[in-house]
Each structure stands twice: as structure tokens, then as C-alpha cells.
Amino acid sequence: MSLTQSARPTPTLFNVSADNWRLAIVVALVVSIIAGIVLPAAVSFWLIGAMVALVAASFVVNAYRRRYYGGLLVAPAIAVLFVMNIFPLLWSLGLSFFAYQSNQQSIRFVGLNNYIKVLTNEIAAPDNWHALSNTALFVVLTVSAQMIVGFLLAMLFAKQFPLRKYLLILVLTPMMLSVVASGVFFTYYYDPTFGILSYVVNDATDGQFILMSSKAGAVAGIVFADAWMWSPFVMLLVLAGLVSVPKYLYEAAAIDRVSAWRRFWSITFPYIRGLLMLALLFRTIEAFKLADLVILLTKGGNDTMTISYHLIRIANEQNKTSEGAALSYVMLFMVIVLTNLYLYLANRRNKGG
Amino acid sequence: MSTRTKIKGALMAAGVAASLGVADVSTARAEEVTLTMAVPDWPPTRVMKKFFDEQYKPKSGNTVKLDVDFIPWPDFYTRVNASLTSGEKKYNFIVSDSQWLGAFVEGGYYRKINDLLDADPDFKKTFMSVHENPRNAYSTYPYKSENYYGFPQFPDVLVNFARKDVLCDATEQKNFQAKYNKKLPCTGEEIDAMTWDDFKNIGEFFRRKKGEMLMGKPADDDFYGIAFQAGKGYDFSSMQINGFIWQMGGDVWDETKVPNGQAEGVVNSPVAVKALEKYLSMIDYMPPVAKTGTMDIFKSDELFREGKVAMNIDWIGVGEASLDPKTSKVVDKLVVGLAPGTPGPDGKLVRWSNIGGQPFVLTTWTTDAQIKEAVEFVKWWLSDDIQNQFAAAGGQSAVKSVYENPKYVTYRPWNRAWAASLDWQKDVWHVPQFFELLTQQQDQFDLAITGKQDAKTTLDNIAKFQQNLLTEAGLIQ
Amino acid sequence: MASGVSFWERIGFRSGGGVGDAGWGRTLGVAIVSLIYFLPVLFIIFTAFKPQELALSVPPTLSPTSFFGLIPDQFVFSPTLENFGSVFSRVMTAGGAPEATGFDRFFFNSIVIATVSVLLALVLGTLASYGFSRYPLKGNDTYLFIILTTRMLPAIVVVIPIILMFRAVGLAGSYTGIILLYTAFNLAFTIWMMKSFFDELSTDVEDAARIDGSSETKVFLKICLPQVVAGLAATFVFGLILTWNEFLFALLLTGPDTRTVPVAMNQAVASGGRGTDWTLLAAIETLFLIPVFLVTFFLQDHLLRGVTFGTVKK
Chain A
1 MSLTQSARPT PTLFNVSADN WRLAIVVALV VSIIAGIVLP AAVSFWLIGA
51 MVALVAASFV VNAYRRRYYG GLLVAPAIAV LFVMNIFPLL WSLGLSFFAY
101 QSNQQSIRFV GLNNYIKVLT NEIAAPDNWH ALSNTALFVV LTVSAQMIVG
151 FLLAMLFAKQ FPLRKYLLIL VLTPMMLSVV ASGVFFTYYY DPTFGILSYV
201 VNDATDGQFI LMSSKAGAVA GIVFADAWMW SPFVMLLVLA GLVSVPKYLY
251 EAAAIDRVSA WRRFWSITFP YIRGLLMLAL LFRTIEAFKL ADLVILLTKG
301 GNDTMTISYH LIRIANEQNK TSEGAALSYV MLFMVIVLTN LYLYLANRRN
351 KGG
Chain B
1 MSTRTKIKGA LMAAGVAASL GVADVSTARA EEVTLTMAVP DWPPTRVMKK
51 FFDEQYKPKS GNTVKLDVDF IPWPDFYTRV NASLTSGEKK YNFIVSDSQW
101 LGAFVEGGYY RKINDLLDAD PDFKKTFMSV HENPRNAYST YPYKSENYYG
151 FPQFPDVLVN FARKDVLCDA TEQKNFQAKY NKKLPCTGEE IDAMTWDDFK
201 NIGEFFRRKK GEMLMGKPAD DDFYGIAFQA GKGYDFSSMQ INGFIWQMGG
251 DVWDETKVPN GQAEGVVNSP VAVKALEKYL SMIDYMPPVA KTGTMDIFKS
301 DELFREGKVA MNIDWIGVGE ASLDPKTSKV VDKLVVGLAP GTPGPDGKLV
351 RWSNIGGQPF VLTTWTTDAQ IKEAVEFVKW WLSDDIQNQF AAAGGQSAVK
401 SVYENPKYVT YRPWNRAWAA SLDWQKDVWH VPQFFELLTQ QQDQFDLAIT
451 GKQDAKTTLD NIAKFQQNLL TEAGLIQ
Chain C
1 MASGVSFWER IGFRSGGGVG DAGWGRTLGV AIVSLIYFLP VLFIIFTAFK
51 PQELALSVPP TLSPTSFFGL IPDQFVFSPT LENFGSVFSR VMTAGGAPEA
101 TGFDRFFFNS IVIATVSVLL ALVLGTLASY GFSRYPLKGN DTYLFIILTT
151 RMLPAIVVVI PIILMFRAVG LAGSYTGIIL LYTAFNLAFT IWMMKSFFDE
201 LSTDVEDAAR IDGSSETKVF LKICLPQVVA GLAATFVFGL ILTWNEFLFA
251 LLLTGPDTRT VPVAMNQAVA SGGRGTDWTL LAAIETLFLI PVFLVTFFLQ
301 DHLLRGVTFG TVKK
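Residue numbers (the UniProt record's numbering), protein chains in the order written: chain A, 1 to 353; chain B, 1 to 477; chain C, 1 to 314.
No lab work stands behind these hints: they were computed from the structure.
Glycine included, C-beta positions come from ideal geometry on N, C-alpha and C.
Hints may be right or wrong, so weigh each one.
Said to hold, decoys possible - Here are the simulated lysine to aspartate or glutamate pairs, EDC-like style, with alpha carbons at most 16 Å apart:
#  : chain 1 : residue 1 : chain 2 : residue 2
1  : B       : Lys-452   : A       : Asp-303
2  : A       : Lys-165   : C       : Asp-301
3  : B       : Lys-50    : C       : Glu-99
4  : B       : Lys-329   : B       : Asp-221
5  : B       : Lys-183   : B       : Asp-197
6  : B       : Lys-400   : B       : Glu-376
7  : B       : Lys-464   : B       : Glu-264
8  : A       : Lys-117   : B       : Asp-220
9  : C       : Lys-218   : C       : Glu-206
10 : B       : Lys-464   : A       : Glu-122
11 : B       : Lys-90    : C       : Asp-257
12 : B       : Lys-209   : A       : Glu-122
13 : B       : Lys-326   : C       : Asp-104
14 : B       : Lys-209   : B       : Asp-197
15 : B       : Lys-49    : C       : Glu-206
16 : A       : Lys-159   : C       : Asp-212
17 : B       : Lys-426   : B       : Asp-197
18 : B       : Lys-164   : B       : Asp-332
19 : A       : Lys-159   : A       : Glu-251
20 : B       : Lys-278   : B       : Asp-384
21 : B       : Lys-326   : C       : Glu-53
22 : B       : Lys-329   : C       : Asp-257
23 : B       : Lys-209   : A       : Glu-251
24 : B       : Lys-210   : A       : Glu-122
As the list claims (entries may be wrong) - Non-contacting residues of chain B with respect to chain C, defined by C-beta distances greater than 10 Å in every case (computed):
#  : residue
25 : Ser-83
26 : Thr-171
27 : Gln-177
28 : Leu-214
29 : Val-258
30 : Asn-260
31 : Lys-278
32 : Asp-284
33 : Glu-404
34 : Glu-472
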């Protein structure tokens, strides 16, 4: 990477120059925070926007002057992400330190009170903790179901065989459905009067089968629907890894009469490890956000309330914006810890291998 | 309230006064005025739009356009709430559930209309021609105060949808008489006279498994006598349970008694516990989906239309589908009566029930020119002629002269129960804390409905929560 | 491929024998699994052809054909195309004439918004991931992780600031607004996925090209990009699927003219003052499935060609 080495020294913090991005960030932060507090939203928005542009410009000048191709390549994506995602996230982070309800005009700084409330208040906190523990259950069940089913499906399709292309698309279709349609149709499949499941079970057992009337049944119903929809996602990633294993490696292994198990671990697994990791990361993140299926299938009944659904209630239905923001940052913290743990373990394995 | 808002309010008031004063002058030049409206996507609002496009001629001579955003029902609140609270200021008219009034009035989004009523006697007369109960429910915040906000869009009540083929069947009549020593209600009048105990008996009596005899033939599927809303979503059990509590002499937390009205001791009074127990005792006789906590107003209606139950208590608003042969197997078998009552001390039936339906309201950022046209539009909408047409097209009217017209009962089978029901309607809370009160209550009722908790514990939990929340909000002292 | 591929080979028949190949036995086994997996979708598609009256029949009607007597008559219905017509035009008020539902517009919106935003995200994201992979910045992993965190919170948390922002800039209800938002929504996944593909490439070829005097741009376009076509295809498909079905942002940030199908689809969930209109919902979903199904089908070859196509893992 000799080409990317700096051609000039980086300016020090207080050196006013077009490429001093550190100074730009400091100025932008100070101005934005002051503007956000003092000025009305309609004005502060533009000011903060200008500050973002300033920082971006300094980054670009800096990258150009020092031939940081990395910075230049990354900048446009970061800019879009900042405006559309990171900025709103920071905004709601800010709100979590205020007492603010979106349907009221008043706003008041309360420090960490919202966090204390969502974690310890005797009325609010038990529901939050309960929703978090339910979410943990769903994350473990749905993600492991998806990883296992996805992996097995990928193994099925790993070899070349006739009509493979046409069968593969059948398995991929579930994840293309919109959640509304698949969720609503799962309510039909599970319905004790009209549904197919109860019809089949009742016929076989001569009883009255109601899947969604217990926690176990309701959780199973939700996990099944979610795993069914998203296992193909895992499958496709794993499959992309499996088909990329060079065939000569297998041929060599066949000559050496390596056992199937060892062949998998030493030849195949290294090719899918990164993709499995990616699948695990993204499915975990999505599983924490599980809400639509719960809303459609149980409305949180039978003890299936998840943190995301709970957040929708707090932040949207009840308009408790800052309390919702605080709770969501508690949730974000947990997701970050978990995903970092994944990444740490994956990296350690990488180094060990 | 910020100074900006105050100034805006003052300007607006001045503007209104000015515009009313110069009303005659401004007719000289035609302007184009657009009224933007957020409505749920369903027939009553589609009809309104259709009538407007086909028939509305503004008196002012202006060109008035009604720009209607039809939003699917399931997301209606989310969309409207986000639009209002984000300050988008997009809509001039909003169809709103009556319970949302407090939250959105306090937020400064819904416009009080007392000044408009006072300035225009005609408008006031039209407005006051709406039956008192729906008017209070759809228009007042605090509930039953004299602060007015909304106009009826689609007024609605709970009625009893029943199957006359099943109920009037000779064998069933004979067996019911033998078992309960009472006539099985069969005509509209007999259904009107039903008590909840009769309702429960019908549930018990008509519980038939597939293959058991129903109307002299083996039933081709499990059959049930009764259904009503018992779902966890939105307000799909409170709306029914409130009726039980009121009829038996209990009460919910009453916002008209602020700040002295209590939640604890009222919400969980022994009478209320008995009322909830009575409600819960009927769940066992209902289709099995009731045990999952998802039997909402749509599911029970679906079961009724598919011919799985003999009787269903539901909103008139969902009735239309039972008259369409494509969506209903009971089109020619339908008979509708009043929802059951509870005998009072004098032996007469007490019929308190929770009102349904929606008003539409004006928003605070509506300009003077728009307000002028909006008032004319509402006057037109509530006029006898349009309300009659609306009722003929499947809507309901809370305007006295309209529903007292003998023609009214001929429009739809449930209209015979309309006038009598109106006198017995109450509404729940209009306070801004409505959604918090409702979700906690729905969660608790769901635990009771799915058999995880008894009635007493349920109401104790609700009362404790409400007492706490409302004391914190300064509504209970 | 100069020798040409026979018709039989094209549709999957090929002589077995290679290490990675399996024969018709595998086809049979996989076909059974795939069909079972596909059944819930198949039911929705068949429901789209069902007469409305039969939507909730007990026992459930399952199929428009008996498949040569395989399915007993009681489960068979006679198919109709009426539901597909209802998607675009139907009676909305009792006794009224059929009215346009606006679904032609909604389909158009969905296609435009999803295609443009996914392509945009692919361009920006591929550039960025190449940067992250080849020219690591100081704190590279931190940047990557921050990008990932943008996907971690439920949309409901960030939606109010976004609405405010859109209103301030006049983007509410416009194509530009929702497209930019979806672009950002897709970037995190695109960057992570494409980076893992770039990381897998061997840098030997690139370095050789640089020594030969190729410019950085040329190295990227002529050497790196062709090697990650499979990755681009996979990322495009995933991005398309996620964007295609996104609901909450679409609900809150599109207007009547820019509304997408997932939002409008709920018309059929509380339809005309009653509950679900099962056959209508199935028809909307079936139509809505077709574009994304076709795109996936035609990109499948790229998807499976392999991540490290033609190169040696480093």
C-alpha cells in the first residue's frame, strides 16, 4: 500500500486549513450542539446540514491532498449514511436525555432519568425487562433455526444436479414475500376454525387443536414463520461459499482418502466461515427487531411481547418519544455487545486457524 | 405554549373574525380552495368523497377541492399520529377515533370549533341536531364538556347480528324451550328483548361438534352459538367489557369527575368484578380462536359470515359484508337486533354500551379561507338530504330528523336497532393518556380472556395502574 | 462454452460423474424438500385464483386442479382471474361502480423506488467497500461497525427525526426522499457484503497490474470488479428483496402519489369495513412477487458462480 502514504504532514488541530478535518469536526460538533439546543428545528436543521457539508468537504480535501483513496471511496457512502441514518440516530440519542413527548410542545433536559426509568421504574421497567427476555428467546430460537435450516438447505443444493436452478428458486421465494402477506396468511394457517393446521391435526386426533393458545404454541408459530421466511437468506450466503470451493481441493482430498468430516472442516468450512458470520450478524440484528410477525400473529398475547413491538407502543402509540429513545439505546447497547462478541470470537478463530 | 403559537392563535382568531365579517364581499371573486383530508380507506369515507365530487356546490362560488388521502385502516393511526406529531401540517380534516381527541387537542393539532359555532347560528343548529350521546362522544374534550371539536363521519354502535334460519328452526325452538323453559329468540323484537343470560344460554345450547345434529341435520363443521369481541389488539375487548360493567352498575374511571373521581375502588369495584366474570363466562362457548386472544371485531364477523356462529355482537360498520353473497353465507338469513341488556331494579333492560364510529376534526393550521369552506362543507355533510343519501348508501346518521324518518329503517337490516341504541351510548376516556390506559387494560383483559388470570386480579391490576398514571398526570387528586 | 450447450444441458440434464455433480437421485430428494418448503407460497398463489366465496371454506380448498386425481375433489376449486382484476379496479361502495384502486401507480412506484435505490446503494456501497478493503483507514473496523449499527435499531426510533428532516427540506412524499432513505437503508448490508467479497480476492493479480503501470481506476474496474460479479448479484438480490418489502418508512414518508405496494396492500387486510379479503390479498402478493422472482431467477447463475471465481484464495 505504498501509494497511499501521506505526501504531507497532517495539520495540527488548531491550524486553520481546508484539509484540517479534525478542526472541522470540533467546530461542527460545537456549532451543531449549540444550534440544536438554542435554535428552532427548522433553522438548526440547515445549520447542522451545513456543518456536515463542511466536515465532508474537509475530508475530501484531506483525502485528495494526501492521496487517501480509502477516504475518497468511502466518503459518498458515509455522507448518505450520515444524513439519512446516523444523524437521525444521534437526534434520538439526544432526545433520550430530555423529557419530551412528540404530541406535546414542552421539552426539558432530564439527564439520565429516562434511562433510569426504563431500567428501574417499578411500573415501566418490568415490562421492558420482560420484553427484552422474550426478545432474547426469539433471537436464540429464530437465528439458530435459520442457521441450521439454511445451512442444511445449502448442503442440499451444493452439488450440481438436474433442474437445480428451478428447485432453488422455489426455496428462495419465501423471503421475497412481504411480511404483511406472509404474516396474515400464517394467521390463516394457524386459525383453529378455518386453518389448515388445525384441520389436519383435528382430523388425525379427533380433538380441538389450537396452536396459538399457549406460550409454547405461540412462540413456535412465530419462530416457524420467521425461520421459514429467512432461512433462504442464510442458505444463499452459505451456498455462495460452498460453490466457490475449488474442485481440485476435493479431488486432492479424495485421493488422500480424507474422511468426510475432516474434509468439511478443513476444506469447505474456511470458505463459508466469513459468509456464515455475515449471515449470523445480519439475522441477529434483524431478530432483535422482530415486531411485524408478532403484531400480526399474537398482538403480543400469550407472553410473546418483544422489545421492538414494545418500542412501537411506547414511541408511536403513546408518543413517549424520549422514553422510547432511551429504551432503544438500551437495546442498541445489547445488540452491540452481542455482535462485538460474535466478531471477537470470529477474529480469534481466524487468528487461531 | 410558546409565543409563536400564541401569536399564531391570535392571528388565526383575528383572521376568522375578519373572514366571517367580510363573507359577503369575498364571494365576488372565485378562488380555488383545497381541503386535504386523512381518512381510513373504507366505504363510509369512499361514499363521502363520491358525494362530494358528484354533488357538492360551494355557496361561496369558489372552486373547492377535497383532496382525500385514503389510508388503509391497520396503519391509519400510525400514519396520522406521525403526520401530526412531526408537525407536517399536511391535513385540514382528519377522521379520528373519539378517544384520540385529548391527545391531539393537547398537542395543539385539533381545532376547537366553538367560535365557528357561535359565529354561525345555522352551523350551530346543524351541529346540535346530532344526538346528544354521539355528539358528546365525537366532539367534546374533556368528555361531556362544552368544548367542541368534531363532527360525525360514521357513527356506530354495537348490535346483535343473528341467524334466523338457526334460531327459528322448529326443532331447535322445541329443544331450547324444553331445556331452558323459555322461547328461543327468533325475530328482531325477541332478540331486542334478550338479556346477557339469554345470550349465554344460546351459547351453551348451540355448541355443536361436527356431525352432531343442527337444524335436524348433522352439522358439517363445529358450530357455536355466540361470539363477541375478545381480542388483545387495539380496543377489541374493552369496547365490549365496558358495556357489561356499565349495565351492571359499575363504572370505568370517569373523566367527567376529574379531579375527584378515583380509579381504585371504582374500576375494581365488586360490581365491576362480577361484570367481568360474566363476560368471561361466555368465552367458553365461543369459537376456539377466542382462546388465542385474537378474536377481534373482524374475526368474529368472519366467523359469523362463514356461518360458524348463530349470533355475533359487533359494530354496524362491519355489517355490510354480511349482505354481499361473495363474502357471506348468511345473506338471506340475517336478522339484527339490539345488543343484549341487563335487567335493572325495575325489571327494564339497562343497555349501556360503548359507542363506536369516528368523527372528523379540523386542524389548527387550516387557513381562514379553508375554514370558511370547511364549515360550509360540514353543514352540507350534516344536511338531511346528504345524511339520508349517506344512510341509503350504507352509512349511519346521528342526525335526529334523519334517523327518525320512517324510511331510515328500510335502508339496512340493522337500522331497526339504531335509534333505540343511540340513547344508551357512552364513551370511554378522551384524556391524552388514552393509549396508555387502553394498552395496559387490553393486556390485562387478554390475560383474563385466555384464562391466565381471574377477574378480580385483572381489575385490581388495571385500577392500580390507572390510579398511579392518572395521579401522576394530575387527573386524580 | 464454444462447443455450445445442448438444450438438455441448459435445463439441467448433464452427465454426472464430476466430484461436485450428482444425478437424478439428488433431484428427486431435493424436489421433495423444495416443494414442501414452497407449499405456503403455493397456497397464497393458488388463493389468488380462488373464487372469493371459497376463501374460508372448511375443509380448505387447496388447488385449482386435482393434479391427475392426486388431490381429492373436495379440496379442488375452479380457478378465476377475477381477483387480479380487483387489484386494479373494484367496487368500493355498496352498489357503486368499480373504481380504480391506484395499484398500477403503486406497482410503478415500487419498481422505480426499489430499483433506483438498490442500484445507487450498490454503486456507493461497492466503492466504499473497495475502499475499506484495499485502503484501510485508521480505525477501519470502527467505521465498519458504526455503519452496521445503523441497521440495529427499529425504524420507529429514527422515523420522527427523518420526517422532520424531510419536511424541512421538502422531501416528504417525493421519490427523491424515499430513494435516498432506502439507499442509506441498503448501504450497511451492501458495504459489509461487498467487503467480504473483496477481502476474498487475491491481491497478487492487482499488484502485478500496478507494477505494469495500470492506474488504480483500471485495477478496480478491469481486475477487481469482474471477479465479484457473483457478489454484486447476491447483494443486488438481497437489497432488492429487503427494499421491495419495506413497510414503515414507506408508510410514513410517501404520499398518495408515491405510495408503494406494501403500504397499499393493507387495503386488503382491513378491506371495505371488514377483516381480511383473502383472495384480494393473495392476488396483490402474487403480482407483487413476480418482478422480484424474475430478477432473482435470472441472477441465479451469477449468484452461484462462486465468490472466488477464477482466483486463488489468499
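Outcome of the hint check:
{"no.": "1", "hint": "B/Lys-452 / A/Asp-303", "result": "11 Å, holds"}
{"no.": "2", "hint": "A/Lys-165 / C/Asp-301", "result": "8 Å, holds"}
{"no.": "3", "hint": "B/Lys-50 / C/Glu-99", "result": "11 Å, holds"}
{"no.": "4", "hint": "B/Lys-329 / B/Asp-221", "result": "14 Å, holds"}
{"no.": "5", "hint": "B/Lys-183 / B/Asp-197", "result": "13 Å, holds"}
{"no.": "6", "hint": "B/Lys-400 / B/Glu-376", "result": "20 Å, violated"}
{"no.": "7", "hint": "B/Lys-464 / B/Glu-264", "result": "6 Å, holds"}
{"no.": "8", "hint": "A/Lys-117 / B/Asp-220", "result": "55 Å, violated"}
{"no.": "9", "hint": "C/Lys-218 / C/Glu-206", "result": "10 Å, holds"}
{"no.": "10", "hint": "B/Lys-464 / A/Glu-122", "result": "12 Å, holds"}
{"no.": "11", "hint": "B/Lys-90 / C/Asp-257", "result": "14 Å, holds"}
{"no.": "12", "hint": "B/Lys-209 / A/Glu-122", "result": "47 Å, violated"}
{"no.": "13", "hint": "B/Lys-326 / C/Asp-104", "result": "25 Å, violated"}
{"no.": "14", "hint": "B/Lys-209 / B/Asp-197", "result": "22 Å, violated"}
{"no.": "15", "hint": "B/Lys-49 / C/Glu-206", "result": "65 Å, violated"}
{"no.": "16", "hint": "A/Lys-159 / C/Asp-212", "result": "39 Å, violated"}
{"no.": "17", "hint": "B/Lys-426 / B/Asp-197", "result": "22 Å, violated"}
{"no.": "18", "hint": "B/Lys-164 / B/Asp-332", "result": "9 Å, holds"}
{"no.": "19", "hint": "A/Lys-159 / A/Glu-251", "result": "14 Å, holds"}
{"no.": "20", "hint": "B/Lys-278 / B/Asp-384", "result": "41 Å, violated"}
{"no.": "21", "hint": "B/Lys-326 / C/Glu-53", "result": "5 Å, holds"}
{"no.": "22", "hint": "B/Lys-329 / C/Asp-257", "result": "37 Å, violated"}
{"no.": "23", "hint": "B/Lys-209 / A/Glu-251", "result": "64 Å, violated"}
{"no.": "24", "hint": "B/Lys-210 / A/Glu-122", "result": "49 Å, violated"}
{"no.": "25", "hint": "Ser-83", "result": "8 Å, violated"}
{"no.": "26", "hint": "Thr-171", "result": "23 Å, holds"}
{"no.": "27", "hint": "Gln-177", "result": "31 Å, holds"}
{"no.": "28", "hint": "Leu-214", "result": "14 Å, holds"}
{"no.": "29", "hint": "Val-258", "result": "30 Å, holds"}
{"no.": "30", "hint": "Asn-260", "result": "37 Å, holds"}
{"no.": "31", "hint": "Lys-278", "result": "27 Å, holds"}
{"no.": "32", "hint": "Asp-284", "result": "21 Å, holds"}
{"no.": "33", "hint": "Glu-404", "result": "23 Å, holds"}
{"no.": "34", "hint": "Glu-472", "result": "24 Å, holds"}
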